[in-house]
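S.K.: Sequence order for the protein chains is F, E, P and Z. Counting from 1, one number per residue, gives the positions in the first sequence under my numbering. Counting from 1, one number per residue, gives the positions in the second sequence under my numbering. Counting from 1, one number per residue, gives the positions in the third sequence under my numbering. Counting from 1, one number per residue, gives the positions in the fourth sequence under my numbering.
FYI, nobody ran anything at the bench for these hints, they're computed from the structure. Be a bit skeptical, because a hint or two may be false.
Only some residues are given here: those of chain Z computed to face chain F with a beta carbon under 10 Å [stated by the list, open to error]:
no., residue
1, 52
2, 207
3, 231
4, 232
The model shown is predicted, which means the values in this text are computed figures rather than measured ones. Even glycine gets a Cβ: it sits at the ideal position worked out from N, Cα and C.
Number of protein chains: 4
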Amino acid sequence: MESVRQTLTLEGEGKVICLKQDITAESAAENIVEAAVREFGMIDIVVNNAGIARRIEETYFNFPLEKFSEYMLDQFIQFAVAPVQLSIAAAKVMAKKYANIGYNEVGLPRDTGCIIYNLSQAALQPIRDDLLAYSAAKRAALSTMETLTGVLGQHNIRVNAIAPGYANTAGPKKFYSRFPNIRADIDKHVPLKPNFMDPSAVVPAVQYLVADNYVNGVVIEIDGGWHLRFNRYFNV
Amino acid sequence: MESVRQTLTLEGEGKVICLKQDITAESAAENIVEAAVREFGMIDIVVNNAGIARRIEETYFNFPLEKFSEYMLDQFIQFAVAPVQLSIAAAKVMAKKYANIGYNEVGLPRDTGCIIYNLSQAALQPIRDDLLAYSAAKRAALSTMETLTGVLGQHNIRVNAIAPGYANTAGPKKFYSRFPNIRADIDKHVPLKPNFMDPSAVVPAVQYLVADNYVNGVVIEIDGGWHLRFNRYFNV
Amino acid sequence: MESVRQTLTLEGEGKVICLKQDITAESAAENIVEAAVREFGMIDIVVNNAGIARRIEETYFNFPLEKFSEYMLDQFIQFAVAPVQLSIAAAKVMAKKYANIGYNEVGLPRDTGCIIYNLSQAALQPIRDDLLAYSAAKRAALSTMETLTGVLGQHNIRVNAIAPGYANTAGPKKFYSRFPNIRADIDKHVPLKPNFMDPSAVVPAVQYLVADNYVNGVVIEIDGGWHLRFNRYFNV
Amino acid sequence: MESVRQTLTLEGEGKVICLKQDITAESAAENIVEAAVREFGMIDIVVNNAGIARRIEETYFNFPLEKFSEYMLDQFIQFAVAPVQLSIAAAKVMAKKYANIGYNEVGLPRDTGCIIYNLSQAALQPIRDDLLAYSAAKRAALSTMETLTGVLGQHNIRVNAIAPGYANTAGPKKFYSRFPNIRADIDKHVPLKPNFMDPSAVVPAVQYLVADNYVNGVVIEIDGGWHLRFNRYFNV
Numbered sequence: 001m002e003s004v005r006q007t008l009t010l011e012g013e014g015k016v017i018c019l020k021q022d023i024t025a026e027s028a029a030e031n032i033v034e035a036a037v038r039e040f041g042m043i044d045i046v047v048n049n050a051g052i053a054r055r056i057e058e059t060y061f062n063f064p065l066e067k068f069s070e071y072m073l074d075q076f077i078q079f080a081v082a083p084v085q086l087s088i089a090a091a092k093v094m095a096k097k098y099a100n101i102g103y104n105e106v107g108l109p110r111d112t113g114c115i116i117y118n119l120s121q122a123a124l125q126p127i128r129d130d131l132l133a134y135s136a137a138k139r140a141a142l143s144t145m146e147t148l149t150g151v152l153g154q155h156n157i158r159v160n161a162i163a164p165g166y167a168n169t170a171g172p173k174k175f176y177s178r179f180p181n182i183r184a185d186i187d188k189h190v191p192l193k194p195n196f197m198d199p200s201a202v203v204p205a206v207q208y209l210v211a212d213n214y215v216n217g218v219v220i221e222i223d224g225g226w227h228l229r230f231n232r233y234f235n236v
Numbered sequence: 001m002e003s004v005r006q007t008l009t010l011e012g013e014g015k016v017i018c019l020k021q022d023i024t025a026e027s028a029a030e031n032i033v034e035a036a037v038r039e040f041g042m043i044d045i046v047v048n049n050a051g052i053a054r055r056i057e058e059t060y061f062n063f064p065l066e067k068f069s070e071y072m073l074d075q076f077i078q079f080a081v082a083p084v085q086l087s088i089a090a091a092k093v094m095a096k097k098y099a100n101i102g103y104n105e106v107g108l109p110r111d112t113g114c115i116i117y118n119l120s121q122a123a124l125q126p127i128r129d130d131l132l133a134y135s136a137a138k139r140a141a142l143s144t145m146e147t148l149t150g151v152l153g154q155h156n157i158r159v160n161a162i163a164p165g166y167a168n169t170a171g172p173k174k175f176y177s178r179f180p181n182i183r184a185d186i187d188k189h190v191p192l193k194p195n196f197m198d199p200s201a202v203v204p205a206v207q208y209l210v211a212d213n214y215v216n217g218v219v220i221e222i223d224g225g226w227h228l229r230f231n232r233y234f235n236v
Numbered sequence: 001m002e003s004v005r006q007t008l009t010l011e012g013e014g015k016v017i018c019l020k021q022d023i024t025a026e027s028a029a030e031n032i033v034e035a036a037v038r039e040f041g042m043i044d045i046v047v048n049n050a051g052i053a054r055r056i057e058e059t060y061f062n063f064p065l066e067k068f069s070e071y072m073l074d075q076f077i078q079f080a081v082a083p084v085q086l087s088i089a090a091a092k093v094m095a096k097k098y099a100n101i102g103y104n105e106v107g108l109p110r111d112t113g114c115i116i117y118n119l120s121q122a123a124l125q126p127i128r129d130d131l132l133a134y135s136a137a138k139r140a141a142l143s144t145m146e147t148l149t150g151v152l153g154q155h156n157i158r159v160n161a162i163a164p165g166y167a168n169t170a171g172p173k174k175f176y177s178r179f180p181n182i183r184a185d186i187d188k189h190v191p192l193k194p195n196f197m198d199p200s201a202v203v204p205a206v207q208y209l210v211a212d213n214y215v216n217g218v219v220i221e222i223d224g225g226w227h228l229r230f231n232r233y234f235n236v
Numbered sequence: 001m002e003s004v005r006q007t008l009t010l011e012g013e014g015k016v017i018c019l020k021q022d023i024t025a026e027s028a029a030e031n032i033v034e035a036a037v038r039e040f041g042m043i044d045i046v047v048n049n050a051g052i053a054r055r056i057e058e059t060y061f062n063f064p065l066e067k068f069s070e071y072m073l074d075q076f077i078q079f080a081v082a083p084v085q086l087s088i089a090a091a092k093v094m095a096k097k098y099a100n101i102g103y104n105e106v107g108l109p110r111d112t113g114c115i116i117y118n119l120s121q122a123a124l125q126p127i128r129d130d131l132l133a134y135s136a137a138k139r140a141a142l143s144t145m146e147t148l149t150g151v152l153g154q155h156n157i158r159v160n161a162i163a164p165g166y167a168n169t170a171g172p173k174k175f176y177s178r179f180p181n182i183r184a185d186i187d188k189h190v191p192l193k194p195n196f197m198d199p200s201a202v203v204p205a206v207q208y209l210v211a212d213n214y215v216n217g218v219v220i221e222i223d224g225g226w227h228l229r230f231n232r233y234f235n236v
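With the rest of the complex left out, here is chain F (with noise of 0.2 Å):
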């Protein structure tokens, strides 16, 4: 963590602090603010990243009762309960500075706090059966982002959402080398190339969220068009 800590100093020109925090933990919300509050000052943006897939490679029949419980519930904790215990407590940090902060000559809000779900495609659809819990949690994150952005537009807080597709990185790689028919199912619906994309790929929509001060309550799609299943069988 360190090493990515020093490379965004490298890179950019502000000041990057790294905290380790478990965000299943109940203090973990109030610590990240507190400590970015300390640095800071401020908070202006939020981006609710943190998170782990589990799967359930096993037919529903073998797998224990209990451990539907456990890995449904650890999923939810991670992907919907973290994000709104981190979003209020940054909220009311940001309402200080962003409430009252005005509006342009043309009546747009001049600046505003700016909070990120990183969903997944999961969110919109289940897509899979090794994804029972994972699906279940993102799509109770889609829900409590919507919540969010109603609630926290009066503080000109704006809450948005992406929704990336599937992303090239360690992880997917050696998933899919080891069921490449799931990866061929993927592959015919992606309308554009590349079908498994560079992480980097979510940056623009990443930044256009923060700058546009009036889109709100939004989710964007960044898969090259895969959410569409769309079947082109004559345009070939």
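Given the coordinates of chain F, assemble chains E, P and Z onto it according to the supplied hints.
M.R.: Leaving out everything else, chains E, P and Z in the frame of chain F:
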């Protein structure tokens, strides 16, 4: 509960058993399935109906962070985890009867096992700020219902849902008498009268979902059309 | 058509009339409504069912631009314009009976007029490149069906839809025997068997939508679960 | 139009041409594409933006049936047919540049052709009874936009949309001053202020959709969060 059992027994032709279970307990699903098998020898229909909504009637900035966790987990366990466990525990039994039941003369399943989720409009949109935890859990439940549809169809078990709107039962009556402004907003968006329905309004949909052996993975909104949030200004 | 009429007359108990109309003609809606009123004195149920899909089996770059216009207008008139005209022409009659029909002992409508749209999965997602014009028209039809729901409820007329999946009728059989690859892709995503349904599979949903006096503005997918486009890799 | 051209020329660095075309004429698409190619040699970006909404400010029972046909066809040709023709005519040119443009060092497209639809909230839900024809046409346009996404990606052409909410331009101002009740209903459901936006609020989204070479098939609602139709009762 015994009086309900007696009423149902008198009104119907079959045998009725009641079993008091805390659905948030790990053992509930298996207890329910075991009792049903012991009494009836088979399970044909499961309706995931239990659960109590918890509302947040405070501003989020005044609501303690740990309470978000408490409320969200409570609702998620009731509405998302417990139905998955009950559905799968029951499906293991149902599959024995239905998986190889065969097809009728036009090639449709001769019969099917039937799992029904009683969702809510909140599963489709978060609706209101007091329903953050409830809406998130119901949306998660919708995701799992879709996953179960995809998985259990191979055993000739169908999974569908109803999404009832606003009922004129005791709880809601009390709530909306406290908040007539909320009630007025609902009233404006129900194309068909009544605005608040008798709970028996869900019966035809449940009967239909039980009887149709091919409908699978659908959500039927039972709300007079409220879910469209349509505005009628000129046709008055 | 006369043989269909005779069959229906023999099978049922009521009177059956057949009226040959080109639904793309401006006068069709009024002709149909007038004939129905003349013979039966009232209209209770309308099913918007007519229309023939036109597919584009060429690449879009080779398909003349004016043909897009021709195909799109043809499909739009059949699936979106004609049903609006028929529904409203019929609703003017239905309103006389239903608008003030009153409520039963639990406050639900004593009876309701019923309009049903026979949509298609293509109304919910564009699905395939040969269906550009068809999907657009069906999606437009869904929009108008929702608008009519919002407007006609005040007269105790309900408007709902079914969205059937793939049927094993003569037309599709011929098409999919030409394109077994398209058929194979469909086969993979129907959780419940059969993959291609007998058209009688839509009957229970239509009967339900006619009978339930409170369901309004819903779309019931009748496709064994195909619309979820779910992938089952581990539960096999 | 000439004054707009002069303003744009002075403000920007490039060359601006204006071409007056009736987009409902069959020849418009080819005229526009030919003029662009003649002047610029290539087409990189297409924004489908033209069209005028027609509202039905009468009850449907008093509105002549043939007028539904007239209004619906008018809106469908403007919003659904014309953009398909323009997009495909332009894509034939764009494909020459983009289809084989290659990939950058992380495997993302080096550059892409970009087609943008200016939809509307009415493309996602029918909203109001005066918008029957407009909403149907915009929903059809959404369907075709998704189809084009699926088809044109192979040529490295992306197709996306914005769905602006309520703008404070001359037309709407006049309309909402006539119907302050409609305006009040909108005001209640915009989490972020202002309720009615300056039209320049769409610029960042358009710039983003032009710049991001992987986002494909998305709809970005630009409305301060109105599309969620959220109710805030307790966080006030």
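S.K.: Checking hints one by one. Is residue 231 of chain Z an interface residue toward chain F, by the C-beta closer than 10 Å rule?
M.R.: holds, 7 Å
S.K.: Does the interface hint hold: is residue 207 of chain Z within less than 10 Å of chain F, judged Cβ to Cβ?
M.R.: Holds. Min distance 8 Å.
S.K.: At a threshold of 10 Å, is the proposed contact between residue 52 of chain Z and chain F supported by beta-carbon distances?
M.R.: Cβ of residue 52 of chain Z sits 23 Å from chain F, so the hint is violated.
S.K.: Given residue 232 of chain Z as an interface hint, is its Cβ closer than 10 Å to any Cβ of chain F?
M.R.: holds, 6 Å
Of the numbered hints stated above, the single one contradicted by the structure is hint 1.
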